[in-house]
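Work the whole structure out from these sequences, hints included.
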Amino acid sequence: MLHNLWLIPCLPLLGSLINGLWRRNLSETSAGSIACAAVGLSCLGAIMAFCELFSLSPPERSVEVVVYQWVTSGDFQAAMGFWLDPLSAVMLLVVTGVGLLIHIYSIGYMHGDAGFQRYFAYLNLFVFSMLLLVLGNNFLLMFLGWEGVGLCSYLLIGFWFTRQAAADAGKKAFIVNRVGDFGFILGVFLIFVSFGSLQFRDVFGSAAQQLVPGGAMATAIALLLLLGATGKSAQIPLYVWLPDAMEGPTPVSALIHAATMVTAGVYMISRCSVLYLLAPAAMAAVTLIGLLTALMAASIALVQTDIKRVLAYSTISQLGYMFVACGVGAFGAGIFHLVTHACFKALLFLGAGAVIHALDGEQDIRRMGGLKDQLPITYATFLVGSLAIAGIFPFAGFFSKDEILWAALTEGHFLLWLVAAIAAVMTSFYMFRLVFLVFHRQPRAGEAPLHPPHEAPALMRLPLLMLAGLSVVVGFIGIPIIEGAHLLRAYLEPVFTRYPLPLEALSQTSHRPGLEVVMLLISLALALGGIFMAQYLYLIDVTLPERLSTRFQWAYRVLLGKYFVDEFYNYLVIAPIKRVSAWLWAEVDVGIVDGTVNQAGAFVWRDSAWLSRVQSGFVRNYALSIFLGAVVVIGYLIIR
Amino acid sequence: METLLFWLLAVMALTAAVSMIIQRNPVHSALFLILTLLSLAGLFLLLSAHFLAVIQVIVYAGAIMVLFLFVIMLLDIRRTEAAPSRVKGQKTLGILLGLTFFLETILVLRSEDIRDLTAAIAVAPDPDFGTAVGLGRSLFTSYVFPLQLAAVLLFVALIGAIVLSKRRG
Amino acid sequence: MVPIANYLVLSAMLFLIGVMGVLFRRSALIIFMSIELMLNAVNLSFVAFARLWNEADGQLFVMFIFTVAAAEAAVGLAIVIALFRQRDSVDVDDVNLMKG
Chain A
48 MLHNLWLIPC
58 LPLLGSLING
68 LWRRNLSETS
78 AGSIACAAVG
88 LSCLGAIMAF
98 CELFSLSPPE
108 RSVEVVVYQW
118 VTSGDFQAAM
128 GFWLDPLSAV
138 MLLVVTGVGL
148 LIHIYSIGYM
158 HGDAGFQRYF
168 AYLNLFVFSM
178 LLLVLGNNFL
188 LMFLGWEGVG
198 LCSYLLIGFW
208 FTRQAAADAG
218 KKAFIVNRVG
228 DFGFILGVFL
238 IFVSFGSLQF
248 RDVFGSAAQQ
258 LVPGGAMATA
268 IALLLLLGAT
278 GKSAQIPLYV
288 WLPDAMEGPT
298 PVSALIHAAT
308 MVTAGVYMIS
318 RCSVLYLLAP
328 AAMAAVTLIG
338 LLTALMAASI
348 ALVQTDIKRV
358 LAYSTISQLG
368 YMFVACGVGA
378 FGAGIFHLVT
388 HACFKALLFL
398 GAGAVIHALD
408 GEQDIRRMGG
418 LKDQLPITYA
428 TFLVGSLAIA
438 GIFPFAGFFS
448 KDEILWAALT
458 EGHFLLWLVA
468 AIAAVMTSFY
478 MFRLVFLVFH
488 RQPRAGEAPL
498 HPPHEAPALM
508 RLPLLMLAGL
518 SVVVGFIGIP
528 IIEGAHLLRA
538 YLEPVFTRYP
548 LPLEALSQTS
558 HRPGLEVVML
568 LISLALALGG
578 IFMAQYLYLI
588 DVTLPERLST
598 RFQWAYRVLL
608 GKYFVDEFYN
618 YLVIAPIKRV
628 SAWLWAEVDV
638 GIVDGTVNQA
648 GAFVWRDSAW
658 LSRVQSGFVR
668 NYALSIFLGA
678 VVVIGYLIIR
Chain B
377 METLLFWLLA
387 VMALTAAVSM
397 IIQRNPVHSA
407 LFLILTLLSL
417 AGLFLLLSAH
427 FLAVIQVIVY
437 AGAIMVLFLF
447 VIMLLDIRRT
457 EAAPSRVKGQ
467 KTLGILLGLT
477 FFLETILVLR
487 SEDIRDLTAA
497 IAVAPDPDFG
507 TAVGLGRSLF
517 TSYVFPLQLA
527 AVLLFVALIG
537 AIVLSKRRG
Chain C
1228 MVPIANYLVL
1238 SAMLFLIGVM
1248 GVLFRRSALI
1258 IFMSIELMLN
1268 AVNLSFVAFA
1278 RLWNEADGQL
1288 FVMFIFTVAA
1298 AEAAVGLAIV
1308 IALFRQRDSV
1318 DVDDVNLMKG
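Chains as they are written, first to last, in my numbering: chain A, 48 to 687; chain B, 377 to 545; chain C, 1228 to 1327.
No wet-lab data here; the hints were simulated from the structure.
The C-beta atom is built at its ideal place from N, Cα and C for all residues, glycine as well.
Computed list of chain A residues with no C-beta within reach of chain C, every gap over 12 Å: (1) 53; (2) 60; (3) 70; (4) 116; (5) 283; (6) 409; (7) 427; (8) 500; (9) 527; (10) 582; (11) 619; (12) 624; (13) 628; (14) 631; (15) 645.
Incomplete in silico selection of chain C near chain B, CB under 10 Å: (16) 1240; (17) 1241; (18) 1244; (19) 1245; (20) 1250; (21) 1254; (22) 1256; (23) 1260; (24) 1271; (25) 1274; (26) 1277; (27) 1287; (28) 1293; (29) 1303; (30) 1307.
Okay, here's the thing in C-alpha cells:
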C-alpha cells in the first residue's frame, strides 16, 4: 500500500467522476454504492497504510512517494507526491473513516432528493481534495487540496441552489475563504522566496538555517499562513461563513464543517510546526485568536435557537481550542482534539440531522421537545456526543480538552487556562441546553409537531451508533499523567521533533502529575457544573431563561445578534465594494465598453448614410467619377 | 503651305466640335460632327495617312453618322433638355476637371522627355507608308489575329443590335 | 513643317471637348456623338505618332478603333432605341434606378 499511496485519493476522484458524468443514468442505489465504495476502499487503503507505517520503527516513519513531476519550470519544481508520516496517517484515518460513515448516512438522508447523484459526486470530490491536502508533500499540492475543499464546500453549501439563502451562503463561504487563501498564497510565495522550493522536506529541513528565529520573514510567513487557516478553520476574523453554511444538507455540515475541512487549518499549522516554532509572535497570535474565538463563539451559542447554528458555533469554539493548543506549542494536543472532535461533532450533527429528518425539516429548538421517547437511538447517541463534547469522563472529549487546558496552563499562562475554562463551562451549558430542550422537556401546548416523529432509517442509525462508539473509546489513545499511556503523543512526537530547531524554540512539556490530577478534577467539576446549570434553567425553573433575558436584555440582544459582526463587515467592506462595483458597471462596462461598440456601430450607420449619396443613380455622375479617376492617375504619373 | 492647311483644318475641327456640343437640335449636332470628322480626315492626309482619311470619310462620316441621323429621325427627337438639371455638382466639378486635364496635357507636352520628340518631323516616310498596300500587308501578316477578333466583334455587335432593338412580344 | 506637338494639343483639346459633351449634355444621342468625337481625337493622336516614328502600326490601330467605334455605335443606338421605347425620352437623368 505504501507504494500505491496515490490510490487513496484517486479512488474518491474516480467515484466523483462516475457519479458526475453519468448522473442521469445512475439510480440512487448505484450512485450511493459507487460513492461509498470509493470512500470505503480509500478507508481500507488508509488502514493498510497506517498499519504498514506502524510496522516501521519510529524514526523511519516517513514515507514519500512521488507519482510524477508536475511542474518543472527553471528553478521551480513541484511534484505530485504524497508523504505519509504519523501526522498525515492520523488525518487519513479521520478523513476516510468519518467520511465513509457520513457517506453511508447520506444515502438515507438524501433519499428522494432530485440531486442525489450530484450530491455524491461533490462529496467524493471533497474527499479527494481533502486527501490531497493531507497527503501532499509540498505546499503547492496542499494548496490545490485547500482550494479544492473550498470549492466543494461552496458546491455543497449551495447544493439546493434554488433557495436564495443557500446560494448566498455558498457565495459567502467561498469569498470569505478566498480572503484567507490570499494570505495563504502570499505565505507560500514568501516561503518560495526564502527557500527556493516548496517541498516540505526542503522547507522544514532547512528552516532553522534559512529563517532567523523570531525574525521578520519567519513571522510574516507564519502570520500569512495563519490568515489562510483562520479562513478555512473559521476563526476570528474569517469565521462568519460557517454559521451560514448550515444552509447545506446536514451530512455536509457534519463532514465538511465539523470533521474535516475546518480542521485543515489546524492540520496545516501542525504540519508547519517548524515554521511556527521559529516565530513566537505568530504563535502568540495563534493562541490569542483561538482563545478569543473559543470564548466568543461559545457565548453566541448560549442563545441560538436553530439546532444547527448552535452546533456551528460550537464547532467554531472547539476549533479555537485546537488553535490555542497549537499556539502554545502543544501541536499533538491540538491534533488529539481534532480527532476526538471529528468523532463527536460529526455524531452531533448527524444526530441533529436525524432529528430534523424526523420532524420533517423543523430546525427551531423552541418547537421541539420530548423526543427522548420517540427517538430513542437518536437520543442515546446525541447524549453520548454531548457528554463527549462537554468533557465528561470517560468520553473522548474529556481527555483531549483536558490536555489542551493543561497545556494552556503549563506552557501558556494562567489567564489562558481561565478563559479556556470559562469557555468549557459555556460549552457544556449550551450543549445540554440543547439536549434538554430538544429531548427532555415536554413541548408546550400548541407546539407539538404535525405528525408523530419517526426514528431514522437503518442507514442513518448505523453511522450514529458507530460514531457514538468511537466517541466513547477514542479518548483512550491519549491517557494523561500515566507515563507511556499517551499513545497518540508518542506516536506523533517524531513528527514535531524531526527537524532541527534552535533550542529556545522548542517547547517543554512539564511533568507534574499531582497538579495535573487536580486540574483534571477541576475541569470535570466545571463541566458537570455547566450541565447542572442547564438542567436548572431548562428543566427545573423553566421561566428563568426568559426572566434572565429580559433582565439582561442588552447582553441578550448582543449575543443573539452574534455581536453584529456580519453587519459590521457589511458596512465596512461589502457595501463599499458593492458601490464600487455598481459604479464600475455603469461607467466602465456600460459606458466605455458597450459605448465603444455602440459608437462603432453608430459610426458605420451615420457614415454610410452620407457615403451612399455617391451612388446617385445618375449616369453622368458616374462618368464624372471615371473622368476624375483618369485625371488623378495622369496627375500622379506626371508628378512621378 | 502645310502649316496653313493645318491651322485651317484645326480651327475648323475645333469650332465644329464646340458647336456640336452646344447645339440644341440633335440633327444640327450630327451635322457639326460630320464637319469635324471631315476636318480630321484632312488632318490625316497631312499626316500621310491616306487610306485612313478615305476610310474616315466613307465609314465614319458616311455610315456611322448616317446611322445616327436615321435613329434621330426614327425616334423623332426634337429639341431636348428643357427641364433644369437635377444632378448636383456636375457642372462645377466637370469644368474644374476639364481645366485640370488641359493643364496636365500642357505639362506632359512641355516635359523633358516629350519636348524634343515633338519637334518638326524631318524624315520622309516610305512610299508605302499609309497606303492600302502597306496597311494591308501588315494587317494580314502580323495582325491577322486581331483582325479576326475584330470580325467577331462586328458580328457580335450585329447580333446585339438586332436583339436589343427588337420589339417585345 | 508642323511640329507634332500641335497635332497632339489639338487631339487633347478635341478629347476634352468630347468629355465636356459627355458630362454636360443630357440627351443620350448627344452623349454618343461626344464619345465618337473622343474616339476620333484619339485616332488623330495615333496617326500623329505613327507619322513621327515612321511606324504603320499606329495607323493599323486606328483601323481597329474604327471597327470598335462602329460596333459600339450600333449597339449603343440599339440601346437608345430600346430605352426610348420604355420611357419615351432619351434623357439619361431619367435612367436612375441604380440610386443608392
